[in-house]
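Using the sequences and the accompanying hints, generate a full structural model.
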Amino acid sequence: MAASSERSPPPFPDSEEPELLEDSDEGADAFTGTSISEMDSPSPDSTKPPKDIFNEPLEDIFSDPLSNINSEPQKKVDTKIPSPSSDEAVDLFSDPLDDDSEVVSSPEVQNPMPDLLNEPVQAPKSDVLGEPPVHKNAARQQDIFEDPPKGSSKSSSVKKAASAELFSDEDEEDLFKELPKVVTKKPQPSGPPVDVFTEVKSDVKVKPQVKDDPTDLFAEEALTAPAPKPSASSSSSRTNGVHSEEHDLFSEATVELSLDSPRNDRKKKDAVKPSVSAPVAPVASSSSKAPSKTLEELEEEESEDTFDLNISVTNPEKVGDGMNAYMAYKVSTQTSLTMFRSKTFTVRRRFSDFLGLYEKLSEKHLQNGYIVPPPPEKSILGMTKVKVGKEDPSSAEFVERRRAALERYLQRVVSHPSLLQDPDVREFLEKEELPRAVSTQALSGAGFLKMLNKATDAVSKMTIKMNEQDVWFDEKIQDVENEEQHMRKLHVMVESLVNHRKELSGNTAVFAKSVAMLGSSEDNTALSRALSQLAEVEDRIEQLHQEQAANDFFTFSELLADYIRLLGAVKGCFDQRMKAWQRWQDAENMLQKKREVEAKLLWANKPDKLQQAKDEIAEWEAKVTQYEREFERISATVRKEVIRFDKEKARDFKRQIIKYLESLLNSQQQLIKYWEAFLPEAKAIA
Amino acid sequence: FFKLSGPAFSSQLKVCRDKPFFLSMNVDLQTDATLQVDISDALSERDKVKFTVHTKSTLPNFKQNEFSVVRQHEEFIWLHDSFVENEEYAGYIIPPAPPRPDFDASREKLQKLGEGEGSMTKEEFTKMKQELEAEYLAIFKKTVAMHEVFLCRVAAHPVLRKDLNFHVFLEYNQDLSVRGKNKKEKLEDFFKNVVKSADGVLVAGVKDVDDFFEHEKTFLLEYHNRVKDSSAKSDRMIRSHKSAADDINRIASTLYTLGTQDSTDLCKFFLKVSELFEKTRKIEARVAADEDLKLADLLKYYLRESQAAKDLLYRRGRALVDYENANKALDKARAKNKDVLQAETTQQVCCQKFEKISESAKQELIDFKTRRVAAFRKNLVELAELELKHAKGNLQLLQSCLGVLKGDT
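Sequence order for the protein chains is A and B. With my numbering, the residue at position 646 of the first sequence is 646, and numbering never jumps. With my numbering, the residue at position 57 of the second sequence is 743, and numbering never jumps.
Hints are not guaranteed to be accurate.
[To be verified] Straight-line alpha carbon distances no greater than 27 angstroms define the calculated BS3-like cross-link-like pairs of lysine-lysine that follow:
id	chain 1	residue 1	chain 2	residue 2
1	A	K593	A	K614
2	B	K1055	A	K513
3	A	K673	B	K968
4	A	K673	B	K1064
[Stated by the list, open to error] Heads up, incomplete: computed chain A residues facing chain B, CB under 10 angstroms, no partners named:
id	residue
5	E503
6	T508
7	V510
8	K513
9	D523
10	V537
11	L665
12	I672
13	L679
14	K683
For the record, the hints were derived by calculation from the structure and aren't laboratory data. Predicted, not measured: the structure shown is a model, and the values here were computed from it. Backbone N, C-alpha and C define an ideal beta-carbon position, used for all residues, glycine too.
Below, the structure is given as structure tokens:
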């Protein structure tokens, strides 16, 4: 635990840092009196908010959350990230750190804090401070969160409560109290441990976000001030890498900020209602709460997932000769489903047909967020052996292994309610002749996997940029990542067990022979007899080890191999969801730009081009809505799929491991029988 | 950095004698109250092991009734060699010398573990360390037991127990200042062995006049080779059994991590199975350890004991050849009527020597067989009982675990 606890803390330092950095950056700017502050200061509200932003939030951020972080989250970390898995967590969290640390190195983290705690409190009188970020933030957030009414309404109610409790004297500044409320409220209902986790989790998550937003705003201000629209989080994904260039960009910012100010005022009016930083928090929490209701519904749905459909893959047969030979399998289906023409039917399929089916299915369904079960990998070595070899036991084992894997693959495909409806699946099961799947040749085996992995890697780099707002997904993605890692490890170990058991079996056979020889040369009759009996016992035990090795492999190891592949597919779904998110965010950014153009045109007083700009805005607004909906849809699908996957996984593991333990049990029973038979022989030695 | 530490690696490791093990090799040694020897204590220091040899005796040639001395492996070898070199004992099976303590393999593993420390989790590291420590401890105990067996065999031997060197070994409470053989001596030993084995082949080729010895010769030659083979094969079998047990151990700990990671209801399942594997691997490791103790060590001991018996037969064969040559020389001398007296004395000496060896060797070989049969009986019965005990333990674990798991689903 020591090791893991050493590693685990990073998320929290990280989560603190952005805020510190933000504020410290801001502070620096504010105090040096750069143009930013002067440009934006004119707004009338600006005098009051600063107090809040630096007074209240500071209190909360630095007192409450910290204490929360130190108490509850610590637990979370311990249980959630023991051992190597913490790498993942670190990855996810550490990126903001990396970006920021380019600006401020981590050792300074502690300094900004006292500064912030003291200085800003006095600073507000210069009425300069937090204004720009605050307003922009407000403006943006508002746009984002107007759409989901739940989030905003919730936040406003929360907000009122907050203001009532904490800041009853300054009601109109809800904006800035929202944050404290959200943050402090969470830990309170932490009675049940589960809640603690989700709540605290969101708490922790929220903070980086809340802080991140300022980061983004600020960075954004520095780089592309014109982006005061909804894309607070999207901008983060784009600007993250650019932080280091802040120096060059600051100068730009001054110019562009001036462009902003007119609209800033306009936005401010709206901005007053939805709170500044709060929206981020409620959204995170509400999104985790709202679906959790439907989650149960989903689960109920899932239990009805059984179809009367039995599929078996049998009779592997070598077709052809030499290197053009291939294995053909009999695919038999037994069903009462009316969608099929008859109740029982059989087709012959070759391995590439199975791969072809996967290709077709993943092409159609992956983008919708379905988990398409992956087929076993093509093994050039194994197949070549089969092609060339005669009756080699290892090639027989290979064929059997593949047959079983293909059977499990098909069973997984048809047990998926949506995939079963796919015409290609039906065609695969029913149609006599299938067009030869060509594309699998190039994409087969290792090459195919490699491609998949590359794609996954490339996308996973993007993941880091994605500002995950859905706690459920955030956790699930990490869980899957960890789980895959552990499964791989376990798989390696079970493989090692299989090998050692085979080795043991072989060595036992050799020993049995040797003991038989020793017995034959022993000149005491009873001892000689006992030794040859021992040799027989060892012979039987050798068989037992061999059978057990086969069970280790087919029942345990193959299960893990399947699930390593399936977890890959789950990750693929997460990637698809992220791509959808990316598309949405890109559209948001485009819209942003279009709006800037409009603003510039307005400012420059060029009404002739204004109409075109407005059309474009409308067009992009439509796209944003569409992409957002698509993202929501895929999120829902992936979620449903993952829940289904988890249930299926639990069922599979329970069934298989129980089966495996039963095989072990059987081995032990046999062992007892053998030794019991031997004992009197040993006692008979005289 | 990981040092040689922990209970098994502490430079001063004390070990209590593993009585049951020790007894397994010495089934029929007479338990004579007049001279009892055991190793009461052993200390492992870096590259040597110090054995505390404890003696209880009522024999008059010892100053006290009970005393202890500290001896090292080299001193045991010295004692053994002094028996072998003593012409007086040519007619006896000299108890085989204990094997040299060999911790190199487990030290090497330990080194590797230290190097790999960074690349594994703390749990894995602890687990590996425990495995290695257990292995080290097992080797250590075995070493102690093998040295003790040697002393007990000597103490129980009707003639060797009276040996002066043996008494010095037991009583002299200072270093015997025996040294290991130097290079020259080792080379000499090597040549002696070459000559001896070449001679052995020659001597073995001579048809024995006595059917008993002729039979024993054929038997021992074959038996020795077979027991050598079985011993090597059993080692390999047990080694793979140990590896499999280690795998189960690692599977258990990975399942545990999976169990603590998993957020679904599967976590309990994983934890339960991990718990089961943690227990079964212990049993599986015990099975391997017991097979090692009851089977491999037995075979190894009889490999050396049969070698000692073979050596006895060689000495007798050599004496026989000498006797026959002396007879021939006497015939020649008589024919030539030259040096007859000298030839007669030589012939007489050879005859006496041969007869003396033959006389004691016959009893020794019969004893060897009795001892062997009794030892095999004892060990095989114990082996079967332990195998049964472990298999039943495993079965029970599996049954109760399956009961729980099936109840859950």
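Status of each hint after checking the structure:
1. K593(A) <-> K614(A): holds, 12 angstroms
2. K1055(B) <-> K513(A): Distance of about 23 angstroms is within 27 angstroms: holds.
3. K673(A) <-> K968(B): Measuring from Cα to Cα gives roughly 22 angstroms; hence the hint holds.
4. K673(A) <-> K1064(B): holds, 21 angstroms
5. E503: Since chain B brings a Cβ to about 4 angstroms from E503(A), closer than 10 angstroms, the hint holds.
6. T508: Holds - the Cβ of T508(A) comes within 10 angstroms of chain B, reaching about 5 angstroms at its closest.
7. V510: Since chain B brings a Cβ to about 5 angstroms from V510(A), closer than 10 angstroms, the hint holds.
8. K513: holds, 8 angstroms
9. D523: holds, 6 angstroms
10. V537: Given a least distance of 9 angstroms, the restraint on V537(A) holds.
11. L665: The hint holds - L665(A) has a Cβ within 10 angstroms of chain B, the shortest such distance being about 4 angstroms.
12. I672: holds, 5 angstroms
13. L679: At about 4 angstroms, which falls below the 10 angstroms cut-off, the nearest Cβ of chain B leaves the hint on L679(A) intact, so it holds.
14. K683: The hint holds - K683(A) has a Cβ within 10 angstroms of chain B, the shortest such distance being about 6 angstroms.
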